[in-house]
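Join the two chains, each given in its own frame, into one complex according to the hints.
Spelled out, the chains give:
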Amino acid sequence: MQAHMPTTSPAKQIVSLKMAQGLLQRAAMPADWQLSPERIQRTLERSVAHRFANAPPNDARTIQGYLDSLHAADLALACACSNGNAAAWDSFVAQYRPELYRAARAIAGEAASRELADSLYAELYGLREVAGQRKSLFDYFLGRSKLTTWLHAILAQRYVDAFRRARHTESFDDDSDPGDRASLAAPAQLSSDPERERYLAMLQGVLLAALGTLAARDRLRLAYYYVEGLTLAQIGKLVGEHEATVSRKLERTRREVRKHVEAALRREKKLSEAQLRLCYEYAREEWPFDLTQALSARE
Amino acid sequence: MASREEDKAMAGLLRRTLASDAAGVESKDCPAPEVLAAYFDRALGVDETARYDLHFSRCSRCREQLAAMARAGDVDEAQKEAASGWNWLRTPRWLMPTAAAFAVLVLMAGITLYKWKSVEVANEVTMLRPDAVPLAAPESPAAASAAPSESSAPATSASGAAEPKNQMLSGDVARAKAAEQMYSRVLPSPPQKKQATAAQGAREKNAPVAPATDSISSAENTMVAEAPPATNAQGLDIAPMKPVPSSAARDSAARAPQEETKPSGAAKGKTSARPAASAPAAAPSRLAATSNLAARGARDAAERARIQQAQMSSNLIAGFMVQTPDTNVLWMVSDSGSVGRSEDGGASWKYQSLETHDHFVAGSAPTVKICWLVGVHGEILRTIDGKTWAEIQPPIVANFEGFAGIEAKDESSAMVTTADGRRFSTTDGGKTWDVAK
Numbered sequence: 049m050q051a052h053m054p055t056t057s058p059a060k061q062i063v064s065l066k067m068a069q070g071l072l073q074r075a076a077m078p079a080d081w082q083l084s085p086e087r088i089q090r091t092l093e094r095s096v097a098h099r100f101a102n103a104p105p106n107d108a109r110t111i112q113g114y115l116d117s118l119h120a121a122d123l124a125l126a127c128a129c130s131n132g133n134a135a136a137w138d139s140f141v142a143q144y145r146p147e148l149y150r151a152a153r154a155i156a157g158e159a160a161s162r163e164l165a166d167s168l169y170a171e172l173y174g175l176r177e178v179a180g181q182r183k184s185l186f187d188y189f190l191g192r193s194k195l196t197t198w199l200h201a202i203l204a205q206r207y208v209d210a211f212r213r214a215r216h217t218e219s220f221d222d223d224s225d226p227g228d229r230a231s232l233a234a235p236a237q238l239s240s241d242p243e244r245e246r247y248l249a250m251l252q253g254v255l256l257a258a259l260g261t262l263a264a265r266d267r268l269r270l271a272y273y274y275v276e277g278l279t280l281a282q283i284g285k286l287v288g289e290h291e292a293t294v295s296r297k298l299e300r301t302r303r304e305v306r307k308h309v310e311a312a313l314r315r316e317k318k319l320s321e322a323q324l325r326l327c328y329e330y331a332r333e334e335w336p337f338d339l340t341q342a343l344s345a346r347e
Numbered sequence: 268m269a270s271r272e273e274d275k276a277m278a279g280l281l282r283r284t285l286a287s288d289a290a291g292v293e294s295k296d297c298p299a300p301e302v303l304a305a306y307f308d309r310a311l312g313v314d315e316t317a318r319y320d321l322h323f324s325r326c327s328r329c330r331e332q333l334a335a336m337a338r339a340g341d342v343d344e345a346q347k348e349a350a351s352g353w354n355w356l357r358t359p360r361w362l363m364p365t366a367a368a369f370a371v372l373v374l375m376a377g378i379t380l381y382k383w384k385s386v387e388v389a390n391e392v393t394m395l396r397p398d399a400v401p402l403a404a405p406e407s408p409a410a411a412s413a414a415p416s417e418s419s420a421p422a423t424s425a426s427g428a429a430e431p432k433n434q435m436l437s438g439d440v441a442r443a444k445a446a447e448q449m450y451s452r453v454l455p456s457p458p459q460k461k462q463a464t465a466a467q468g469a470r471e472k473n474a475p476v477a478p479a480t481d482s483i484s485s486a487e488n489t490m491v492a493e494a495p496p497a498t499n500a501q502g503l504d505i506a507p508m509k510p511v512p513s514s515a516a517r518d519s520a521a522r523a524p525q526e527e528t529k530p531s532g533a534a535k536g537k538t539s540a541r542p543a544a545s546a547p548a549a550a551p552s553r554l555a556a557t558s559n560l561a562a563r564g565a566r567d568a569a570e571r572a573r574i575q576q577a578q579m580s581s582n583l584i585a586g587f588m589v590q591t592p593d594t595n596v597l598w599m600v601s602d603s604g605s606v607g608r609s610e611d612g613g614a615s616w617k618y619q620s621l622e623t624h625d626h627f628v629a630g631s632a633p634t635v636k637i638c639w640l641v642g643v644h645g646e647i648l649r650t651i652d653g654k655t656w657a658e659i660q661p662p663i664v665a666n667f668e669g670f671a672g673i674e675a676k677d678e679s680s681a682m683v684t685t686a687d688g689r690r691f692s693t694t695d696g697g698k699t700w701d702v703a704k
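Residue numbers (the working numbering), protein chains in the order written: chain U, 49 to 347; chain Z, 268 to 704.
Just so you know, not all the hints are guaranteed correct.
Over 12 Å on every C-beta distance to chain U, these chain Z residues come out as not near it, computed from the model [claimed, not checked]:
no., residue
1, 381
2, 564
3, 633
4, 635
5, 680
In the BS3-like style, the derived pairs of lysine-lysine whose C-alpha atoms are separated by at most 27 Å in a straight line are [unchecked claim]:
no., chain 1, residue 1, chain 2, residue 2
6, U, 307, U, 317
7, Z, 275, U, 317
8, Z, 275, U, 318
9, Z, 676, Z, 698
10, Z, 617, Z, 654
11, U, 183, Z, 295
12, U, 194, Z, 704
13, Z, 617, U, 66
14, U, 194, U, 66
15, Z, 275, U, 307
16, Z, 704, U, 307
17, Z, 654, Z, 704
18, Z, 654, Z, 636
Since the hints were made in silico from the structure, they are not lab data. We put the beta carbon where it would ideally sit given N, CA and C, even for glycine.
The shape of chain Z in the complex, shown without the other chains (with noise of 0.2 Å):
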């Protein structure tokens, strides 16, 4: 019999074997409602999650429960994309213009962006410093006094009355495209990550230079050093990873890998590259709903920080530990791709945002300060200060199936485990990788 015949067999084996295996579950072990939501809005502490993980594999009504939610939660999704009003541009009338249209604007835009960003390789160092980012200085009147305006704050600006919330507005979404910029080279999306690594690793053979990871982590230090220290409203400590403004330039980096040509390279393209084309009176608007779209995703952000905040503090959401030499310190790395550090044996935490899409799955802190996470999607990020993180570059792995494990002995040297067992070893830092035996 084929291996196809066998493994149709097999499914079936399965399916009944598991549909009629409920022994030993009883119905008053079942979890009230207000648990099963909870879990499906996986808001349950670590402890409680592996226990009803248990229960579930073993209890058909329970599962049975779940599945209908996970049915019910479709529909609400369905429901959301049709009050949307944008379905009729699915259909299959509008499908091929509208595609035909946009691979025109996309080209355009990257042409665009191309020359743009070959004038912009110069200034690049001055672009990564907050302080200085007035980019649509030479652009626009109003852009061009946005940079001193906003160390002192209430302007005492020459331009009109307008003219201060136009300065505050254009320094916000000043820095929010740098951050933007920095945040697409340090963290790039999985997608282009992994078709650009065989390029990358040429590059890094190549060229005498450090690391782009290198280079760009050192500048985010400056940024964060820079950037004030951050409490939420009870007072409990957030580490400040990115500076202020990153909230809204996370949340455009976060959007950017499923609408890769959206806003941050058309915006790009339209305030920075060609300024003398566009109408002045149309920039203060576009700036203005730029930043509100900006502010909008600062409020988003924060509200999603402080309720991860809070299931953190309270070992609401699962993740898993990692501890490193040091009883007293450890981290805390959770599925919702926040870590948490604590230097008083868990007694309180100071949390970071990973700004990853990928799911971290084991972590290796060699000494208190350094710390290696590697992620089912292939990622691994490395601090070695205790405070920011950098991308590693990942083994070029054959039919690979994402990392399970890690082991680290410093900052240079660490042993990874793929899901099928295999292993990769590193002495410099992830430069290059060699299979370990």
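Okay, chain U solo, but in the shape it has when bound (with noise of 0.2 Å):
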């Protein structure tokens, strides 16, 4: 996350000092935060850097455009927050604390909550040091959007992290697990239709080439809806669309991929209706994904 700080700022003289008090004036923040305009001028130079970082804008109006939308307030805490102040933190602790638990809870459980959110915790308020000084997660709030929503995004990205590791490292410990067993069994083991494989594979290959076709947000919603499992409501929430838009339109795509495969296997592969209701069949049977997924890759 470090890299993502930028430490020096292209954007030094695009954000005024009159800029920050506006800012600061629309945070309508208590004065025993003692959040000097100077301080959040500093936050709103990488802020603006973050953002136009590709293409920096030349027009002050622009900026002010921006700094507009940012969430004045949420940032001011975050600033007074990383300075150590014992009012900001206070509030901080006040307003945020049971949510951050409750965000934990939801996203890793009862049990591994309380220890993803007291290690977030802890660099919130900035234990870690460097070069002498105290360095605090809030640091990296830029204000772009809600602190609750920053919050859950360095929650789940934590909770993540760890869980892939874990699972990285399971996959090669513990060899207890049938389907990994199976994953790294030989071809010849499988099965004992040679016709099967072959099958899967040819399947499996016109499934990634009609995924291959579908729009990013199409993409996006099939994998919410059948990896991720959640909910029409859910998705809907991430990709901004109504859960009835969100399921018609999963439909939509869920008929144009059945469609391109049939059509893919009846033309390019030559199948008859009867192999290709085999097809189907034998896909709803387990078989070791990652060996079709590579035997489709040879087709």
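Laid out in structure tokens, this is it:
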């Protein structure tokens, strides 16, 4: 994450002190947070640099528009907490700590939630020191989202990375899993039906090709639904659509994919209707996916 | 094998294929939590959103993070609902009696409203004018003096010291009510509209008068002309699509689909339909409460408009652009239901809220003034003066899956394309539609 924090600010001259004062005024923060316009100006410069990294705007109007879109109150709180202001920290604790634990429970489950939230809590406070200076995680909050959403994003990232690391380690260490054993098994041991692997590999190949032609949004909806197991409402929230729209679009994409797969199997692989049905029948059974993927690549 | 079994097999295939297909994506390309959070809050620019959509569609790590965030967000909402203290209403023990009582109330309110509306029809045109909305005039002394006091702010009323405040409040309420009535006719909520489509179509065929949307649109134009121009704190232009009190009414109009029988109908019934039955002493406090709600709604709407304005001015929210024959004149329609118009090639924008629940996906502008928009829930909007938008009667389509495109020739002729590829054309501004070949 450190890599995303710019050390130099190309937008140094762009965010004026007046703009910073305007944002502070909009934040309407308590006076005892003691946040200076210069401090918020530095954060705003980083925020602008982060947003316009590829094409820095050259008019103040665009910059002002961007600054107005920031969550001023949340940004002020994060800056004040990063400064180590006790009143701001108290306010954060009162407002966000219960939420942090709730979100951690929702993401990691009851057992692991405490550890996940506490580790983040310590980093937010700034227990880590770099070159004698306290480094708070709040330094990375740039105001583009709500503070709550940002906290969720950090929790989610920590959890997912830890989970993926553990999964990776387990898959090599623990050889007692029958599923993994099957995936590493030799093709000859898999089935008595020699046609089975061939059909599955073909199916796999044309399906990958069909998915490759989909628009990013369509593919994303399918992945959220089939892989992540999200509800239509949750998918709708992620892609900015009503759940009825998500449902309709999912159904349409599924139809398109199936049409594409069947057409490809008939036209390119020259399968008959009976063979096509056989493909589906094989697909309903469990099979070592990695192997068929490799086979389909060879096809 | 039955088709259902094949669907199951396909679902399993999709699950396994999508779960394993993350080739070509490296974790060093994954965005920071700051970006994920902004994506989740839909605060990224159009360019960024498209880029990250592509990345997320191929990156299982990012998808897992977003999925976790969605689950955490669900908890937020559940907690908020629990905190509201009304959960006891959901217990089955209370559900049936409450539902029955609610149904009776709705019925009574409906009957009252129906009677009141029949009286109101004669005054409809007058009511649409914001400066002639003393709805409460014959009903209460406080409201009676409301309309004149609006134009001369610190009113020199003879009704006592507390009078001016009440005058202001009742004036606001009356204006908000008028605007609310107007919006409920101009832009009906999608479910209401869909139910009424057939009947409305039949009415329009038989009646020699212009369609309802057109007449309301002209009334709306009058109000727009009378409304003062609005600017935000930064001095950026905001097109005044609706009259000043509209933000409060807009809020209530926006809430209407979910709570159809809640504030508007009840308020109308109480304050206007049966003035004699209401206690005089209770009226000012009720008006004050309504006005407070309206003021809070107005503040919220102003804040939302401000953020939306800022986001759009720096191209921060997702949407699409509609080009006109003049390269300097552009329309930008955002996912959040706002439309921006630029007359200087995109250097500056004027924004309007479309007052709709649809999600617009396509537009067509045959001239600099005329623009048609279509939404996924079946709404069609059109402007012929580049300022005000009127709803167009959509074609009746079996198994409708939403619109996907539109191509307009002028203010009367357009062809819409549905999500499943069917096309319908009109040459009379949407009064009739034919299947296009």
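Hints, one by one, checked against the model:
1. Interface exclusion of residue 381(Z) from chain U stands, the closest Cβ pair being 31 Å apart, more than 12 Å.
2. With a least CB separation of 20 Å from chain U, residue 564(Z) remains clear of the 12 Å interface cut-off, as annotated.
3. Its beta-carbon lying about 28 Å from the closest one in chain U, residue 633(Z) satisfies the requirement of being farther than 12 Å from that chain.
4. Even its closest Cβ contact with chain U, about 23 Å, leaves residue 635(Z) beyond 12 Å, as expected for a residue assigned away from the interface.
5. Separation of residue 680(Z) from chain U is adequate, the least Cβ-Cβ distance of about 28 Å exceeding the 12 Å criterion.
6. For the hint linking residue 307(U) to residue 317(U), the alpha-carbon distance of about 15 Å falls within 27 Å, and the restraint holds.
7. Only pairs whose Cα atoms come within 27 Å are accepted, and residue 275(Z) paired with residue 317(U) is accepted, the gap being roughly 22 Å.
8. Distance restraint check for residue 275(Z) and residue 318(U): the Cα-Cα separation of roughly 23 Å lies within the 27 Å cut-off, and the hinted pair is therefore satisfied.
9. A hinted pair counts as satisfied when its Cα atoms are at most 27 Å apart, and residue 676(Z) with residue 698(Z) qualifies at roughly 16 Å.
10. For the proposed pair residue 617(Z) and residue 654(Z), the alpha carbon gap of about 10 Å is at most 27 Å, so the pair holds.
11. Proximity of residue 183(U) to residue 295(Z) is assessed by CA-CA distance (about 23 Å); at most 27 Å being required, the pair is judged to hold.
12. For the hint linking residue 194(U) to residue 704(Z), the alpha-carbon distance of about 49 Å lies beyond 27 Å, and the restraint is violated.
13. As the CA atoms of residue 617(Z) and residue 66(U) are separated by approximately 25 Å, the hinted pair is consistent with the 27 Å bound.
14. A C-alpha spacing of about 23 Å is found between residue 194(U) and residue 66(U), which places the hinted pair at or below 27 Å, so the restraint holds.
15. Restraint check for residue 275(Z) and residue 307(U): the C-alpha separation of about 15 Å stays at or below 27 Å, so the hint holds.
16. Note on residue 704(Z) and residue 307(U): the hinted pairing holds, with a Cα-Cα distance of about 24 Å set against a maximum of 27 Å.
17. Between residue 654(Z) and residue 704(Z), the direct Cα distance comes to roughly 33 Å. Violation of the 27 Å bound is thereby established for this hinted pair.
18. Simply put, residue 654(Z) and residue 636(Z) have alpha-carbon atoms about 8 Å apart, close enough for the 27 Å limit, and the pair holds.
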